[in-house]
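Q: Listed below are the residues making up each chain.
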Amino acid sequence: MDKLLMLRLELAALQDRYISVLDNDRLEEWPTLFVEDCLYEIIPKENYDRGLPAPVIHCDNRRMMEDRVLSLRNANIFAEHTYRHMVSGLELLDVTDGAAGMTSNYLVISTNNEGTSTIYQAGRYIDRVVLTPDGWRYKSKRVVYDTLRVATLLATPI
Amino acid sequence: MDKLLMLRLELAALQDRYISVLDNDRLEEWPTLFVEDCLYEIIPKENYDRGLPAPVIHCDNRRMMEDRVLSLRNANIFAEHTYRHMVSGLELLDVTDGAAGMTSNYLVISTNNEGTSTIYQAGRYIDRVVLTPDGWRYKSKRVVYDTLRVATLLATPI
Amino acid sequence: MDKLLMLRLELAALQDRYISVLDNDRLEEWPTLFVEDCLYEIIPKENYDRGLPAPVIHCDNRRMMEDRVLSLRNANIFAEHTYRHMVSGLELLDVTDGAAGMTSNYLVISTNNEGTSTIYQAGRYIDRVVLTPDGWRYKSKRVVYDTLRVATLLATPI
Amino acid sequence: MPDLIETAPHIAGAAPDAVFFPRSDGSRVPYAVFSSQEIYDLEQERIFRGPTWSFLGLEAEIPEPGDFKSTYIGDTPVVMTRAADGELAAWVNRCAHRGAVVCRRKYGNATAHTCVYHQWAYDPKGNLTSVPFRRGQKDKPGMPPDFDLASNGLRQLRVESYRGLVFATFSDSVGPVAEYLGAEMGPYVDRIFHKPVVYLGCTRQFAKSNWKLYFENVKDPYHASLLHLFHTTFNIFRAGMEANVIPDATHGLHSIILAAKNNEQTSDAYKEQKIRSFDENFSLKDPSILEIRQEYAELTTNHIQSIFPQLVIQQIHNTLVARQVLPKGPDSFELVFHFFGYADDDEEMRAMRIKQANLVGPAGYISMEDTEATELVQRGTIRDAALSSVIDMGLSAADRRDTLITETLIRKFWIGYQTLMRL
Amino acid sequence: MPDLIETAPHIAGAAPDAVFFPRSDGSRVPYAVFSSQEIYDLEQERIFRGPTWSFLGLEAEIPEPGDFKSTYIGDTPVVMTRAADGELAAWVNRCAHRGAVVCRRKYGNATAHTCVYHQWAYDPKGNLTSVPFRRGQKDKPGMPPDFDLASNGLRQLRVESYRGLVFATFSDSVGPVAEYLGAEMGPYVDRIFHKPVVYLGCTRQFAKSNWKLYFENVKDPYHASLLHLFHTTFNIFRAGMEANVIPDATHGLHSIILAAKNNEQTSDAYKEQKIRSFDENFSLKDPSILEIRQEYAELTTNHIQSIFPQLVIQQIHNTLVARQVLPKGPDSFELVFHFFGYADDDEEMRAMRIKQANLVGPAGYISMEDTEATELVQRGTIRDAALSSVIDMGLSAADRRDTLITETLIRKFWIGYQTLMRL
Amino acid sequence: MPDLIETAPHIAGAAPDAVFFPRSDGSRVPYAVFSSQEIYDLEQERIFRGPTWSFLGLEAEIPEPGDFKSTYIGDTPVVMTRAADGELAAWVNRCAHRGAVVCRRKYGNATAHTCVYHQWAYDPKGNLTSVPFRRGQKDKPGMPPDFDLASNGLRQLRVESYRGLVFATFSDSVGPVAEYLGAEMGPYVDRIFHKPVVYLGCTRQFAKSNWKLYFENVKDPYHASLLHLFHTTFNIFRAGMEANVIPDATHGLHSIILAAKNNEQTSDAYKEQKIRSFDENFSLKDPSILEIRQEYAELTTNHIQSIFPQLVIQQIHNTLVARQVLPKGPDSFELVFHFFGYADDDEEMRAMRIKQANLVGPAGYISMEDTEATELVQRGTIRDAALSSVIDMGLSAADRRDTLITETLIRKFWIGYQTLMRL
Ligand code: FES
Ligand code: FES
Ligand code: FES
Ligand SMILES: [Fe+3]
Ligand SMILES: [Fe+3]
Ligand SMILES: [Fe+3]
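Residue numbers (the numbering used here), protein chains in the order written: chain A, 1 to 158; chain B, 1 to 158; chain C, 1 to 158; chain D, 1 to 423; chain E, 1 to 423; chain F, 1 to 423.
Just so you know, not all the hints are guaranteed correct.
[Claimed, not checked] List of simulated lysine-lysine pairs, DSSO-like, C-alpha gap at most 27 Å:
#, chain 1, residue 1, chain 2, residue 2
1, C, K3, B, K3
2, C, K45, E, K208
3, F, K140, D, K261
4, D, K208, F, K328
5, A, K45, F, K106
6, A, K45, F, K328
7, D, K208, E, K208
8, E, K140, F, K261
9, E, K208, F, K208
10, F, K261, E, K138
11, E, K208, D, K328
12, B, K3, A, K3
13, D, K208, A, K45
14, F, K106, D, K208
15, C, K139, C, K3
16, E, K106, F, K208
17, E, K328, D, K208
18, B, K139, E, K285
19, C, K3, A, K3
20, D, K261, D, K195
21, D, K328, E, K328
22, F, K328, E, K208
To be clear, the hints were calculated from the coordinates, so they are not data collected in a lab.
Could you put together the complete structure from these sequences and hints?
A: Given below as structure tokens:
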């Protein structure tokens, strides 16, 4: 049967696990979905479109991602909140053996501890994934967000 | 090919059908997606997290679900509205022959009869499904919602 | 393996590509997802439910869709914005060889150039697709929207 | 006088000092009128509950006895109904008991309207017909003995249909609709509503701007070819068309703009103006959207007629719309496009009206820019309530009716507005 | 007097002229009280910070020393705590330094509450215990030498527990809770809280209507069988039940409605009224939801007791709830359902309480309509602040306590409200 | 005087009585200033349109002739441009015709700015250059003969670039920027802008709190090590660092905080304070984020300089930012971080600046808490407009500039604010 469709299914599963990890308080698992030598970046669409580099978060290896988790757990102060990610519109961009590029839409709904839910951020994931012994992992994940005005602050990764 | 991926596809189809039934005014079909001896519960995340039992809806068998539909159709008074569910982030938790646990994110957008759409509720489905002669059915579905402040009231199930 | 599940996967891929084309500024590609002799219509749920024909957009062939793109690119004035579509709840309605009907939920989040994201529209796609040498294409796509009050205007197709 | 009774005291008589019109000819409008809450509240009293007729909908929307539709006059919820005897009625959608909205649906058919809270029931004309336990139960008392159903009905409004257009008013003093329309406007309303119509459904736009900016817009032929580039990009419409621009003579609040095809020289006219919108390179792959079948004496492509304060009648090519303008606060309004055709349309004509719906409404090729423009004005003026717009186009020949290059209708509108608002 | 100090000057004394009660018997209420911001601000001062006791929660929510819960009195953020010595305390959640919210969690356990901004630390009673660098660092100065921790604590409130219900007040003058409840209400509170309770969790509703519309609702037995059709559709409850409807004698702001089963003739009574809600055809497939196990002297199906301004005690069948009413502006309020059971419940009884939770709360079979109704009133009355409701049911026998067909409790409520608000 | 002309009358002169400063030393600030709409409107007039210079952006954002950027002064939309002759200009983004926003894009390049509504065209300096059909068409009249392009331009503002920082003002009276910065601030601005910079993009935060709470925050070295626990958790920064805390001498509205590394004894200092934030157990797996390459005479880790009312210049390690503070109503503001580097950065330095962007901005390790804190104050104080904060740290030695344990800059700020606002 169609290998591309199967690949699609596998990568959709990766995306689903990715957001489930972030939304269900399993932050420590988040870096494990990346290879050691990776890029994770959150950047506003206005910079991305103009070719300007200023990011909101920029990790050029997995250790920096682990540091981010450590800091969120132990140092930074932010209001309790719950994210719900929705992903849709997955497109495979270029597929080679054991590697692929893909893009998808995302939406993050955030709920504060009063229990009010708001649109926190909408945007686009631009990913490169590679096949590892543990399955598909992110080589790079660029989070390009449309919602230029970040509400209050950004603590939990997108 | 990967049986887990196929199972994923089948359960995604079940989830999709579940929300389509609720969003397109086929309420009577809703209980038929459960086995007779089932649990359907809507509970706020604050209670779920603290291990407190107070629910918004609690049906411990399918007849109670049918009663809920009967009451919504014939007794209860609430404003006309249309739901649109989005589900994402499906994760299989434990899989055995003919049974599985899974979790996923959901978002419900509700539109009133003036035609204004708002975030009605975001949260998480925690499901157990079993394989029946009619296909996969819910043995239990716990709807754990983040949006603690229920807007006005909750009539149509989530 | 289950042909229906595979078909489901193929059509989900079509839906994903459809929204990716609209959300990532590839408007010229939009008509190519339809066959020449097609129907594309955006209609409010209140008219659809009452059997009234008044549409917001009504194209009864692909050339009209190409004209729409031409006008959006060269004639019409509207505020810069970015859409993010989410689709969910895909149900296959009737399947024959090389043709199928399907329905799904959609949600469109729109972000203005100040960087504020809002719910622009929620609704339902009612589609007919046919298998062509280029793969699955839309024979008809009816966009039935719940969000009766269109915010400001509707420029980019849904 | 009902009008006063219905008015909140903290509003009554309060003439906001924030507003000053520097000239008497309507050519300078203080931006405060687009953003002041006080002005807005005063409009509800003096305009929408004042001596005006507000458009509620088409008779064709409620053809059968019992049919009803929920709508608004200003921002007051109102229901229009057709009673068992076929008569039209309208009432404020607020229960006489404890004030709940009685009719909770947008449209439907009902022989009685029962408030859900305590089931007080009203007939389609708004008369109170029953009160549960009014006489109590057994020995237990109900309503006071002197409680009178007749004097506890819903607030009923004067209603009139003019050729199938349903209007209502809170006022006891305003004359009949025909008189309200006046000698200039009547014939043009008659032109469109000269035979029975059928309702084809509606579409809605919600604009984040003041409702009067939309009235400026539909009284502004000057913008047509400059804002709506579809016209010029695809060679549909020209500022040089034969024009007819007519204000209402009574108070200047109504008006009509008529345009008829006539292409000579106009592209040169545009080139002279060096107008960005001019372009000869584009053409439609499916021009059928621009066909026109003559239905009236004159072959007009555009008939845009505003009937203050809630109606704009439109014929563009063969698409027919009654636009309802509903204010939703100082900074927003809802625009409801009621599409209709004639009862005797043949299939082809009906299909044409649907196809040409692409021209108007929220995604209309030649209308989508209007709400964009009104919002740009709202945002541009909000912080500067004391500044004024400059409305001088065609000022030196204010009475010419044969040019689209004029703001004369807008000036007339503001003069009428000041009178009605006592500003 | 703390009350005054805590009050914004632009509010103090301002008696909005927008509000006029045309009658002294509480039977005509100007709709302005449901939408005026001035009235709302005045309520915060004269009611929620006035001589009243506001319900904060159940002792069972904070059983251990250090336990706390964040809540509100009116719209002022307040934290209730249990100190190390087991005593209850409550304080305004606003740091004495530069005003930050100190406690950022909804509930938890803490021996100290430290403001995140500069880490000023308070004990559970609200006393300031430490200020970083208060004495500076080395030779560098800190706070002024005369800075006194004791006089810079959080705003502490009077707190009292009445049988496990925690109340607090800004007022120094109001008497103890038992006195505040009064002779009529006390016994009924005791009835429910006659033995230790356990907290089962809460659910929340956010209603887009004024908080007082909810008080009208819980003082309105007239609506019960007319709005909540589940009752009649499934034969659960009847207007003809044995009723007990008792206002508070001190100020009329509290009240209780008791109903006990009694089916005779009542379906006929309904037929006489031609009430839409009557229907004999439906029955539940799982009626277990409607069982009732007798727990009190009288077999009441409904005990609805409102303790002004923030509490409604409810027993419906075997489900027990303390409802907290929290205003969130003139046009919205939050309703928090605190579910509880008794410490000595057996498993079956506990399961029954959970199952019967289906009857109440946001999706409650016999309660979901209440917020729908209050919102219908909000929308129906917003534009007509000067008009009044008609609250006449049972007016001719205002003192009868044995009928559910009455609005007497609502009238008493408004009389008490006017007094307290000095309107 | 333009300032007055531009002002809405219902604001002019209105000194809200809600606001009273109980002390003259700036140590007691009534919370009303953070939530009053009247105060906010007055600020737009007396501060943002008063004798101040507002930061619009960096010259590096608009290097080429025709380049423009849309931004704000206070909440008035303003566009900054570079004209054909290379000169900088700025104008209010409101069409002279009927008030539409003229420039609809955030940035771009244009030789003319044409309003979409009727295509009135302006040059980059804001001069009106053409009006379609100004002279009418054939025999049909256009604008009045005396209509003068020159007097119908956009509202043009005074603009000045100070070392690449673009400032604009509505005021005719305020002196040049160098003078406005004053003798204390100038050298520190020069320090950062001593050579050409390149723009690296911006990130934005939207905070639900009053804009002045952010000014308090950047003038508050006391909070740095107490709120931002990243410092102490990972041993980056200490309250014991060598500090330089300098207010502006003219009006006290500007200020700078400088900190330089110096680790001795300070962890002991913290232990004495028993400060929660101290922790020796954590270390970064990739500490490269905290490297610092010396670029200036002194090796400062932090340079935080606020230039009232819209700018904060920041150098933290090697990340350079010009923060723009834009009020969006009494209860919210937008914070725009303009990242930049130097034109002569080598690749490694540029990469370092990007990596250190992790320290600041919406997700900044040592800045994300600031908006959280300002929102906590907004929520904590909103209901208590008449109460005041207690700003006493370091009061007894107000002129010491060598300690971070002080609120002296905040006190100076409020004194300057009262003067400017005439409160
Ligand atoms: S409010 Fe309508 S019946 Fe009571
Ligand atoms: S505001 Fe609470 S410690 Fe400073
Ligand atoms: S409003 Fe700008 S050209 Fe008319
Ligand atoms: Fe137009
Ligand atoms: Fe009720
Ligand atoms: Fe800080």
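Q: List, from low to high, the hint numbers that the structure doesn't satisfy.
A: Violated hints: none at all, because every hint is consistent with the structure.
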